[in-house]
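Asker: Could you build all of it, start to finish, from the sequences and the hints given here?
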Amino acid sequence: MTDPVTEPAVPPPTPATELSTPKEAVGGWLQTLRTGDIGSLPIIIGLILIVIVFQSLNPTFLNAFNLVNLCLQIAALGIMATGITLVLMLGEIDLSIGSVSGLAAAVLLVTHVDHGFGPLLAVLVAVLVGTLVGTIQGSIFAKIGVPSFIVTLAGLLIWQGVQLRVLGEQGTINLPPAGTLVRWAQFSFVPGWLAIGLAALVPVLYLLFSLLTRRRRAAAELPVIPLWLPIAVAVILFVLLQLIVAKLYLDRGVPWTFVFMVLVVVFFDWLLRRTAYGRKIFAVGGNIEAARRAGINVDWIRISVFALCSTLAAVSGVVAAMRLGFANQQSGSGETLINAIAAAVIGGTSLFGGRTRRYAPLLGALVIGSIANGLELLSLSSDVRLIVTGTVLLAAVVIDALVQRSRTSHGR
Amino acid sequence: MSGVREPILAMRSISKRFGAVQALTEVDLDVYAGEVVALVGDNGAGKSTLVKAICGVSPPDTGTVTFAGREVRVESPHAAQELGIATVFQDLALCDNLDVVNNLFLGRELRRGAALDEVEMERRSGKLLRELAARIPSVRLPVASLSGGQRQTVAISRSLLGDPKVVLLDEPTAALGVAQTAQVLNLIERLRDRGLGVVLISHNMVDVRAVADRVAVLRLGRNNGEFRIHEVTNEQIIAAITGATQNVVSERVARLREQSAGDDPLAAGSAEGGA
Numbered sequence: 160m161t162d163p164v165t166e167p168a169v170p171p172p173t174p175a176t177e178l179s180t181p182k183e184a185v186g187g188w189l190q191t192l193r194t195g196d197i198g199s200l201p202i203i204i205g206l207i208l209i210v211i212v213f214q215s216l217n218p219t220f221l222n223a224f225n226l227v228n229l230c231l232q233i234a235a236l237g238i239m240a241t242g243i244t245l246v247l248m249l250g251e252i253d254l255s256i257g258s259v260s261g262l263a264a265a266v267l268l269v270t271h272v273d274h275g276f277g278p279l280l281a282v283l284v285a286v287l288v289g290t291l292v293g294t295i296q297g298s299i300f301a302k303i304g305v306p307s308f309i310v311t312l313a314g315l316l317i318w319q320g321v322q323l324r325v326l327g328e329q330g331t332i333n334l335p336p337a338g339t340l341v342r343w344a345q346f347s348f349v350p351g352w353l354a355i356g357l358a359a360l361v362p363v364l365y366l367l368f369s370l371l372t373r374r375r376r377a378a379a380e381l382p383v384i385p386l387w388l389p390i391a392v393a394v395i396l397f398v399l400l401q402l403i404v405a406k407l408y409l410d411r412g413v414p415w416t417f418v419f420m421v422l423v424v425v426f427f428d429w430l431l432r433r434t435a436y437g438r439k440i441f442a443v444g445g446n447i448e449a450a451r452r453a454g455i456n457v458d459w460i461r462i463s464v465f466a467l468c469s470t471l472a473a474v475s476g477v478v479a480a481m482r483l484g485f486a487n488q489q490s491g492s493g494e495t496l497i498n499a500i501a502a503a504v505i506g507g508t509s510l511f512g513g514r515t516r517r518y519a520p521l522l523g524a525l526v527i528g529s530i531a532n533g534l535e536l537l538s539l540s541s542d543v544r545l546i547v548t549g550t551v552l553l554a555a556v557v558i559d560a561l562v563q564r565s566r567t568s569h570g571r
Numbered sequence: 089m090s091g092v093r094e095p096i097l098a099m100r101s102i103s104k105r106f107g108a109v110q111a112l113t114e115v116d117l118d119v120y121a122g123e124v125v126a127l128v129g130d131n132g133a134g135k136s137t138l139v140k141a142i143c144g145v146s147p148p149d150t151g152t153v154t155f156a157g158r159e160v161r162v163e164s165p166h167a168a169q170e171l172g173i174a175t176v177f178q179d180l181a182l183c184d185n186l187d188v189v190n191n192l193f194l195g196r197e198l199r200r201g202a203a204l205d206e207v208e209m210e211r212r213s214g215k216l217l218r219e220l221a222a223r224i225p226s227v228r229l230p231v232a233s234l235s236g237g238q239r240q241t242v243a244i245s246r247s248l249l250g251d252p253k254v255v256l257l258d259e260p261t262a263a264l265g266v267a268q269t270a271q272v273l274n275l276i277e278r279l280r281d282r283g284l285g286v287v288l289i290s291h292n293m294v295d296v297r298a299v300a301d302r303v304a305v306l307r308l309g310r311n312n313g314e315f316r317i318h319e320v321t322n323e324q325i326i327a328a329i330t331g332a333t334q335n336v337v338s339e340r341v342a343r344l345r346e347q348s349a350g351d352d353p354l355a356a357g358s359a360e361g362g363a
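Here the protein sequences line up with chains V and R, keeping their order.
Just so you know, we're using our numbering here: the first sequence kicks off at 160 and counts up by one.
Just so you know, we're using our numbering here: the second sequence kicks off at 89 and counts up by one.
Simulated from the structure, these hints should not be mistaken for lab results.
Each hint should be verified, as a subset may be incorrect.
Here are the computed lysine to aspartate or glutamate pairs in the EDC-like style, where the Cα-Cα straight-line distance is at most 20 Å [what the hints assert, rightly or not]:
hint : chain 1 : residue 1 : chain 2 : residue 2
1    : R       : K215      : V       : E380
2    : V       : K302      : V       : D458
3    : R       : K140      : V       : E448
4    : R       : K253      : R       : E219
5    : R       : K140      : R       : D116
6    : R       : K215      : R       : E277
Answerer: Written out as structure tokens, the structure is:
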């Protein structure tokens, strides 16, 4: 009965030793690839392919001018994808985010233009409308037990109706072309020196935190990552960011809305992975019964996640309206919803819940945004755009399902 | 031994009724520190009901529970955990998508400022698993990639983080292979060595024999015998589980025994009146 069994034991603590040589690290990474954990590799390869295809079809694709436009275009998408990522993490879906973003755009315009609210107040009201919508939908889902699919499908219609009612007879409301809101979204760019500084600061901060964590782990006699790894990552990050900044400043530079979107993505990534609240979202998405038995307030997690998702959808609608300079009955309709879900899934968020890759909304928004932008440059009609976007979403979901199956067969 | 020491957990005259069904009738159960007591019985004998009564999921209608010398009411799972009664349920309640550390600390994460203190959690996880000599390849593996025995090990280890006095294990070896069962049984012995009172619910007589010090039998919601493991045969336990001599299995056993050896003192074991 006390015979040793076949499984390997916990390795004895080896204080402050390095895990592996570069060769072993690559081997370990290949190992995880084989077990179905394919990392962000497919999306990066996909992104490179997209760039190659569009660049060869139209040489203006990689122009500084077009890349700045791309940054402006994907800001709203990335913010909305961040929200839907949270809901997908629970293994749920929110189909109302497009309508909510449209409603928020309408509320922003009506309060600001028709009722003379100050820009900040109008934005705040529009965003809070989103929070309210999400709280209502989340409560119906969590407390009454109506499937989220149905609640938010109803929401899709209801909030679109409310949007039309808010817009009233006017149909389309324009922002004052030289007003604060338009200036924020269309004409605010990070000053060149600041962009270069930030692009240098990010890798330095990354290196600093990696080394601090490494030291704490060494002090606690836990295995640590090899020293070269964070240094290499920091160097690559530094070169990459400086190149991007240099390219973008051939034109107008880095838009503040893009920086804002990246900050939203990074903040929610931190929230998901580094806080107790995020850990609870993972737990509810992984095994709801286990989460309940661990004393997690599942209803609260569900309601708060739906509230956050709708809030971010409203923020996204506000950003989009500010960039376009108007809101109308079409705001937030059409591909808005499907693009956000596609971005989240392509970025590596599982529809089965409980799994997402780092910065999935940002990477996904880059892919979806590049495709939309590239197709627009080719001045193809919307039929091709719809077919291509739908196909990309389908491909992402198929990959997700295949990865899931591979995980199951490898017991991951 | 049990006559001298105070039990850490003593349940007296526990009764529980679900509508027309009397699930438990005047059941007594003692759990001592540093002892494994196996709770056995046929399906519907009341094992699960008794476990739920102990761990606060479904408190008993009548009867008293004394924990560490104090009479207590255990009205909720949370209250049971506060007292120091940890329960590992049959369906493991682990999150497949989280790694071992995160599962161990699920619901009681350590923080450092606003963020989680991953370093300290990982350190304590490693320490706990080493103390239990648990065989887990890495505490940073998602539990989905662990074997059944390793998952059960994580589930049991997790219950220990609350520093309990009594651990209830509901069928911990069900659906495990031979080596994995051995692993879990080793772990149960280590819980006993740490001075915990362990209640082991099991159908498997081999497992019960391997680790239990005492066997408490339930039949039709009543106590039906309590034995020290070294003073009882499997046949006697099975007889108590199934309802003694009128049962075909025990009749067969008795018949064989009569044929083989007349000097066997066990044939007269009074299982039916053991309580």
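Asker: All hints, please: hold or fail.
Answerer: Right, here's what the structure says about each hint:
| no. | hint | verdict |
| --- | --- | --- |
| 1 | K215/R with E380/V | holds (11 Å) |
| 2 | K302/V with D458/V | holds (7 Å) |
| 3 | K140/R with E448/V | holds (16 Å) |
| 4 | K253/R with E219/R | holds (17 Å) |
| 5 | K140/R with D116/R | holds (15 Å) |
| 6 | K215/R with E277/R | holds (18 Å) |
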